[in-house]
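Engineer: Here's the letter readout for the chains.
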Amino acid sequence: KAGVTQTPRYLIKTRGQQVTLSCSPISGHRSVSWYQQTPGQGLQFLFEYFSETQRNKGNFPGRFSGRQFSNSRSEMNVSTLELGDSALYLCASSGGTSGGQETQYFGPGTRLLVL
Amino acid sequence: AQSVSQHNHHVILSEAASLELGCNYSYGGTVNLFWYVQYPGQHLQLLLKYFSGDPLVKGIKGFEAEFIKSKFSFNLRKPSVQWSDTAEYFCAVNAHSGGATNKLIFGTGTLLAVQP
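Listed in order, the protein sequences are those of chains A and B.
Position 33 of the first sequence, counted from 1, bears residue number 113 in the numbering used here, the numbering being contiguous throughout.
Position 65 of the second sequence, counted from 1, bears residue number 64 in the numbering used here, the numbering being contiguous throughout.
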């Protein structure tokens with residue numbers, strides 16, 4: 081099976097712009113979660129989508145949003161970018177039907193640099 | 000709030016030395032526990048996990064971890080490290096409270112450097 085894929089792999093934006101990142105989960109997986117990884121804050125949970133519905137949300141401002149499509153692919157959007165949004169954004173997928181007892185498989189990430 | 004602590008931020012070992020990385024979490028309910036590893040230039044990948052049953056779990060590449068509920072700990076061990084174990088190691092907890100969620104709380108990571 082192909083792994084989790086994320087596009088684009090690298091992005092450079094300027095403050096105030098918006099950005100959309102894409103994630104394609106492993107075939108058959110219905111849960112997609114997003115994480116932000118920074119040197120200062122480590123790995124932080126952004127949100128999880130399952131069957132096109134947001135199932136859980138982390139403590140991020142409303143500028144961070146996401147959605148999931150019927151084929152389980154997911155996108156996350158960050159509006160009005162700030163310098164502090166520079167990070168590696170990781171997507172993870174899992175089956176979605178076993179409660180918390182699932183292994184999440186991570187993609188390679190999208191590295192976002194905000195200038 | 001739930002949190003995960005990894006007390007060793009940087010560890011340097013010689014090949015064949017034994018490894019133990021500490022992980023403690025703060026949550027009184029049911030937890031699922033994970034160790035992930037990130038090799039240089041690679042994705043995060045699962046090393047091992049604990050859901051229930053035998054508290055001593057074995058993972059890939061000779062790693063094991065022991066869940067001690069009374070100590071809220073899930074320490075990672077390997078009896079003899081190799082140069083190829085050089086990587087960053089993350090402990091993660093899913094405090095799902097019986098609900099259907101894949102929200103992982105990660106520790107800050109431990110950077111392990113193994114000297115040949």
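Any given hint could turn out to be false.
[To be verified] Computed footprint of chain A on chain B, listed as stretches where at least three residues anywhere in the stretch have a Cβ under 8 Å from a Cβ of chain A: (1) 8-18; (2) 53-67.
[What the hints assert, rightly or not] No farther apart than 25 Å at their CA atoms in a straight line, the calculated lysine to any residue pairs in the SDA-like style are these: (3) B:70 with B:42; (4) A:93 with A:120; (5) B:57 with A:93; (6) A:137 with B:24; (7) B:70 with A:90; (8) A:137 with B:57; (9) B:68 with A:183; (10) B:48 with A:124; (11) B:48 with A:82; (12) B:70 with B:7; (13) A:137 with B:107; (14) B:60 with B:28; (15) A:137 with B:60; (16) B:60 with A:188; (17) A:137 with B:70; (18) B:48 with A:83; (19) B:48 with A:93; (20) A:137 with B:26.
By construction, these hints were calculated from the structure, which means they are not laboratory data.
Yeah, the Cβ is synthetic: ideal placement off N, Cα and C, and Gly gets one too.
Engineer: What are the numbers of the hints that this structure violates, sorted from low to high?
Structural biologist: Checked against the structure, the hints that fail are numbers 1, 2, 3, 5, 7, 8, 14, 15, 17, 19, while the rest are satisfied.
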